[in-house]
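First to last, the protein sequences are chains A and B.
Residues in the first sequence are numbered consecutively from 0, following numbering that gives the first Met the number 0.
Residues in the second sequence are numbered consecutively from 0, following numbering that gives the first Met the number 0.
Don't read these hints as lab results, they were simulated from the structure.
Predicted model only: the values in this text are computed from it and were never measured.
What you were told as hints is all true, and nothing was included just to trick you.
Label pairs and their computed distance ranges (CB to CB):
| hint | chain 1 | residue 1 | chain 2 | residue 2 | range |
| --- | --- | --- | --- | --- | --- |
| 1 | A | D94 | B | K294 | 15 to 25 angstroms |
| 2 | A | D94 | B | R65 | 33 to 43 angstroms |
| 3 | B | Q61 | A | P273 | 25 to 35 angstroms |
| 4 | B | R65 | A | E301 | 48 to 58 angstroms |
| 5 | A | E301 | B | Q61 | 36 to 46 angstroms |
| 6 | B | R235 | A | F214 | 50 to 60 angstroms |
| 7 | A | S113 | B | R180 | 18 to 28 angstroms |
| 8 | B | S93 | A | R109 | 46 to 56 angstroms |
All C-beta atoms, glycine included, are put in the ideal place defined by N, C-alpha and C.
Each chain, letter by letter, is given below.
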Amino acid sequence: MNKPDARGVFKRWEKCVACAVGLTLVLGSGGLVVRSGIDAAKERLVAQAEIAQQMLTQRLDSSDAVLTSLTGLYQASEELSSTELAALSQPLLSDYPFISTLSYLTWVPRSERSVFETSMRRAGFTQFRIRDYPTTASKLVESGERDQYLPISFLEPLEPQHARFLGMDLLDEPAMAKAVESAVASGEMRGAMSKELSPGESGYALMKATYFGHFAPETIEERRHQVSGAFLLVLDVQHMLNDIQDQYPGLGMVLTLSKELADKDHSLLGRMEPKLPQGQDLIPVLHVNRILNLHDERIELEVFSQPSPEDLNLGVALLAMMLTAIFAGSLLHALRNRRIFHLDRQAAQDAIFREKERAEVTLQSIGDGVITTDTNGLIQYMNPIAEELTGWSNEEASGRNFADAVTLSREGQRAPLVDPFKHCLEQFQQSEDLLLIRRDGHATAVDHRGSSLRHRDGSTIGAVLVLRDVSRERQLAHELAYQASHDPLTGLSNRWSFEARLRQALDSSRTKGISHALCYLDLDQFKLVNDTCGHSAGDQLLKQMAEVLSAQLRDSDLLGRLGGDEFGALLFDCSMERAEEIAERLRRVLRESRFRWEDKVFEISVSIGIVPIRSDTGTLGDVQTAADLACYAAKDEGRDCVYVYQPGDEAIAQRHGEMQWHRRIKVALDEDRFTLYWQVMQPLDPAHNPTQIHEFLVRMLSPTGEIVPPMAFIPAAERYALMASIDRWVIENALEVIGKIDAHEHRDLFTINLSGQSMADSELADFVLDRMRGANVLASRLCFEITETAAISSFHQAATFIERLRDAGCLFALDDFGAGLSSFGYLKRLPVDFLKIDGQFVRDITRDPVDLAMLKSINGIGSVLGIRTIAEAVEDQETLDLLKTIGVDYAQGYHIGRPEPLPEAFKARAIQSA
Amino acid sequence: MKLHALRLIRGLFPKVAILGICLCASWPNAEAAKCLFVSSYHQGYAWSDGVERGLRSALNGQCELRQFDMDTKRHKNEAFKKKAALEAKALIDSWQPDVVIAADDNAAKYLIAPYFRDSDIPFVFCGVNWTVEEYGFPYRNVTGMLEVAPIHLMLKKAVAVSGKRALYIGANTLTEQKNLRHFRDAAQELGIELDGELTATTDAWLTAYRRGQGYDFVVLGSNSGIDDWDANRVRRELMTVSRRLSVTNHGWMMSYAMFGLTKIPEEHGEWGAKTALAILRGLRPADIPIIANRKWDVRTNEPLLGTAGIDLPRSIKAKVKRVE
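Required output: the full structure, derived from the provided sequences and hints.
Quick look at the structure:
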């Protein structure tokens, strides 16, 4: 399924919008926190502005109270001298430090100007003149003629820098004159800008009029008529603002006169910059305005401050921004996941659709018949192969019961299975040969697989049955089975199948008390024919003999070629008398027959030994040995005769050659007269299988040191149960050799052959493991070759042995595959690593298509099962090339390398390694 | 090497320049301003001592102060006065004060007027009685405070207690002559009949005082200038002969007067100091008008009042400072 690209989950404009929204949220959250901090600072500023306003109002009220006291005292006193005024003013100025000067202005009509000025000069102010309100600070100009004057006649504190104000006429200044007029008319306190009178750059003057008489006149006209002067307070605005800032250092203030009368240039009463730390340029300045109403004047107080970084909650703002960023990120992530989920689901649906299409196409093109049913066994679907196999079309079969369209029967049984659907589902793991009976009656060998179709929740929703046409494979299997059980030359049962039937006979004797008889037949003239006319003649002789003998036996009896010129006849349910009679007939018939080869005619005779098989008969080996002895006894008695074995007839046997072989082998074992050969197996695809394999082979040495070929002593050793000992000798010596090989060359693998007798040896596994440890050999370098016949004859012991050594790391090869039982079913149950294909399937693959097909089939099975294959008996390059083409993994044979004595091989390897 | 030297000069130049600017800026402060106080009289004279006290208190060490006493109260001849003025001038010429504070009339008459009219050295006078017209003040380099007395007020209160006939008694000095003139003007304005006797000896002063017992009240001017003044004798004599109210404007005469509105010499010293400092800060003398003192005390001499059997009105007694 194609996963959606996470980077492409959002479109570009969606990303832009998301970024914009996220950024807005992050900045917004931070901004809100900062805003709240600013709001809090603003609230605090408002409260401080209220206090500042109150403080200013309080000072104005105090000034009003001072003026009221002064005017009241003036009105009440008959005469208030300058000394008394000074005495009164000094403590007032001390108590109200925001009042910079206190003055008394004398109301002087034009007619009294001269007298007034003279009296002032006589009082010591020798330079006193009524002067104009100064436009500049340094120049005082004597006033011109006016109807009335209001000069400063008293000033406290009288300081040198203020002394020049004495005589200054306030009526000369329009704004001041208007304030004076209002103060006179109202009898109340009035204010005006007083830049010139102030100690600083600006100031504010408050005044209140005095009148003749003890009480202020009640009417405006009277007040204007009776005015005698006025008290004037000049406020030190900066001082007032300083007082506030002392309390709130971070506060800045601007005090302005906002009435229309105020000249623009004089509107600023005072300004106080806040005391702020450096580096706060980016923080906004907050402003709050307050109005102080003073009769007909409006004093506007602008309070401003700059919130501190702590006020702005920058840390909290940062945290809020981070949290918002995380929240926005999580939200975006969730949206992204949701979008991915939708895309995934859509992709999954597309994938399912594609898979469905692909499955349908696959089912259409698959080589197996596929049938699906519902839970009731009603067919829902059949693919074309299933249609072909059953003879039913999909449309016809749909909705029908499975058994209606699919008729199955076991091979060899005519009756169909009653419930094929259930059988397929329940028995699919068992290997059985089934035939599918087509609608037209044609039978097809099939292999079946059945499986329930289950929903995700585990509930069964139907079943699927796969029927595979295995006609070809089954035919090949039958052929292999036949070849495995029959002698290819004579068509008779081979030793393996003969022994199998013999074992059955022994069982039936023991279990059912049925008597059988075993005859061993040995041609007397076979060696003569072979030597004089060649092997082909010998083969022909054997074939002729098989035909003659077969004709003399019942169908129920079994004739088998046990090896070379040895034959065996197993007479079932046969008494010894009858057996002797049959054996005699066989001898006679063969004696009467002639063998012709080219221009030669040979008389044929046979020696026959008979052994009864009864309930008390011993093991298979026992009965075989007895039959063998009896046969040799017959030869000893002059050939062409029948010898009936009787229990306790051991003395006879000892006189015969086979027993000689038994003794010779045992002596050879005792005297260690065996030697190892090895033969190489070449990997056909070194890149894939780099390991070279060497098979250890055993040879017996005669007392004089001559090599005894294996076929001369191995059959006897097998017959007399000496193979296990020989196998142990081989194992011990081979491991010793492997251990001596350079420890660095671990690539090669070594194989050791094990007989069926060794397979039955329950102690062999311990022996092998012990010797491996003793020789310091890695188990992975060791492979044991067992024949399928040996493995199957002692299957359970073999399986146990294989399991133990495989657990230790050893490998196993199935030897001579195809020459014995060759049931593919055993392959699944025998955990082997190599399959050595018997040479009879290899030797002629370039000429015989059947052999080629068989080899391909075996190799294919090995490939399917994960078993590497080794082709034996590779004797030419053409065969080798073909094996490579087929895909066989290894090749062994004279073309690759003959069996070689071990010391020479060692030398060769040493040179090769060097 | 040349390049290296140039770099060195370039590096040093700003530092040297800054150092120079700093030195120049601090130059005026390197030498404190110099103030010279010229007193017309001598130490031990109550008025002069009061002026000096006010002056020193107000200066408070803000300039380097030197004092020169002309001692013209005890030495009345013109030669001495001129000689004292020349010595003061010599001191001024040699010491070159930044400002000169001159107290009382003789300093104005013998020092400022003849030698420093419109000079570059600013002068602040104080204690000059009533008027400066006779000295031609103001000059562009002279300002100050006149010494005036609350004559009208004192006469009004005396009239209210005793009557409208009065005798003025004082030393026969320039100052007292000016005082008597001003009293006469005031008495005329108030409708008071005022006679005056300026004396040179204690006996003459006592004779005049006894004659004053024939008036409604006696105005005591300053005794400064009566060389044989015998304070104990005068006090004993007054305790026997006093029957009429005596008033004065001089604080040191309160041992002999029953009621006084007395001037405060410290006010003059303080003003002189303040004005001098204002000039040192850049204010020109011409920008500071000549003003008059405006402080005085109300005082009574209870033993003399008791001797004379005079009971002052409650409105006066409520505010007076009593003299034992």
